[in-house]
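Engineer: Between the sequences and the hints, there should be enough to build the whole structure, so can you do that?
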Amino acid sequence: MRCAARPGGGARSVFRGGIPVFVLSILLLVAAVVLFFVARGQSSGGWKLGAALSALAGVLAGVFACVHVVSAYEVGVPVTFGKVGSPLTSGIHFRSPFTDVTSFSTRPVDLDLHDKDVVEVRSSQGGVLYADVTIKWAVVPANAVELYRLAGNEEAIQSRLVMPDSREIIRNVFAKHTSEEGYASARERIGSEIDSLIKQRLAPRGIDVAAVNLRNVRPSEQLQEQIDKKIQQQQATERAVEAARTAKAEAERKRIEAEGIASANRIIAKSLSDKVLYNQCLDAYREAAKSHPVYAVPCGTNANGSPVIVDGTKN
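At position 107 of the sequence shown the residue is numbered 107 (the UniProt record's numbering), and the sequence of numbers has no breaks.
Hints are computed from structural coordinates only; laboratory data are not their basis.
Hints are not guaranteed to be accurate.
Derived BS3-like pairs (lysine-lysine); straight-line CA-CA distance at most 30 angstroms [to be verified]:
{"hint": "1", "residue 1": "K229", "residue 2": "K254"}
{"hint": "2", "residue 1": "K116", "residue 2": "K136"}
{"hint": "3", "residue 1": "K136", "residue 2": "K176"}
{"hint": "4", "residue 1": "K230", "residue 2": "K176"}
{"hint": "5", "residue 1": "K248", "residue 2": "K229"}
Derived Cβ-Cβ restraints for the label pairs, each shown as a range [stated by the list, open to error]:
{"hint": "6", "residue 1": "F81", "residue 2": "R171", "range": "35 to 45 angstroms"}
{"hint": "7", "residue 1": "E155", "residue 2": "K229", "range": "38 to 48 angstroms"}
{"hint": "8", "residue 1": "E252", "residue 2": "R215", "range": "19 to 29 angstroms"}
All values derive from a computational prediction rather than experimental measurement.
Yeah, the Cβ is synthetic: ideal placement off N, Cα and C, and Gly gets one too.
Structural biologist: As structure tokens, this is what we get:
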């Protein structure tokens, strides 16, 4: 039994000990026969016991060479002299010692496209983005034989089928969206579209995609510089618009104020007559006489204005 690490977690088992164990079984049986004939010419019972033990070990080794155990959550694909047989489900199976069984795990495998495997995509505007994606996939037991013919083992299924198809779909989906949609406004919609298309692509091949998680999207350095410049331009434009709005509001306020003053002056000009002015003059000097003595003042609109005696006790 040989165990190798599975990409993304788990393990897969490939039984390749059938032929060596079968050869060992033949050698033990031959040894048992030899010991048996040697024991016939000897009086000691040790040779007979050795022959019996060799025969028993040979039989057990032969049985072991014909038995293969498929672990839980695995499916095995038997190959005998280049001919692929029906898939083996979990449990004990008897097979020819010349049969090689390749096992595939049916548990979901995580394919992480990040770091050196990050997907470089281009938006509809030509901007470069980097997408970190995790794809959970598993082998459908009924399609294990077809996948074996296509790839050969789990590592090959992932590297030849799951990874290239997924990367192609991710690039195609991002190419339909702008850079801003890719890293901000439409990430959820893009992730859902990628999930749907990958499932549709891999399902007919016998690969069950449980989920596609678009974990992170970041712009390239060049695109980030363009984004920063655009933000600065937008901020400058907003400040200019606000300044223009403020200046316009101030000009409107001054216009309204000037119109109000002009209107008031017109009203005052129409309402002022000689008698009104004469009366206002009397009121003004009457108020002034309360704190400073006033003897006589001319009031009127011209030099003919009559003097007014404010305090009659003084000349």
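Engineer: Hint by hint, say whether it matches the structure.
Structural biologist: Status of each hint after checking the structure:
1. K229 with K254: With Cα atoms ~37 angstroms apart, K229 and K254 exceed 30 angstroms; violated.
2. K116 with K136: holds (19 angstroms)
3. K136 with K176: holds (24 angstroms)
4. K230 with K176: Given pair K230, K176 holds - Cα atoms ~21 angstroms apart, limit 30 angstroms.
5. K248 with K229: holds (28 angstroms)
6. F81 with R171: 35 to 45 angstroms: holds (42 angstroms)
7. E155 with K229: 38 to 48 angstroms: holds (45 angstroms)
8. E252 with R215: 19 to 29 angstroms: violated (53 angstroms)
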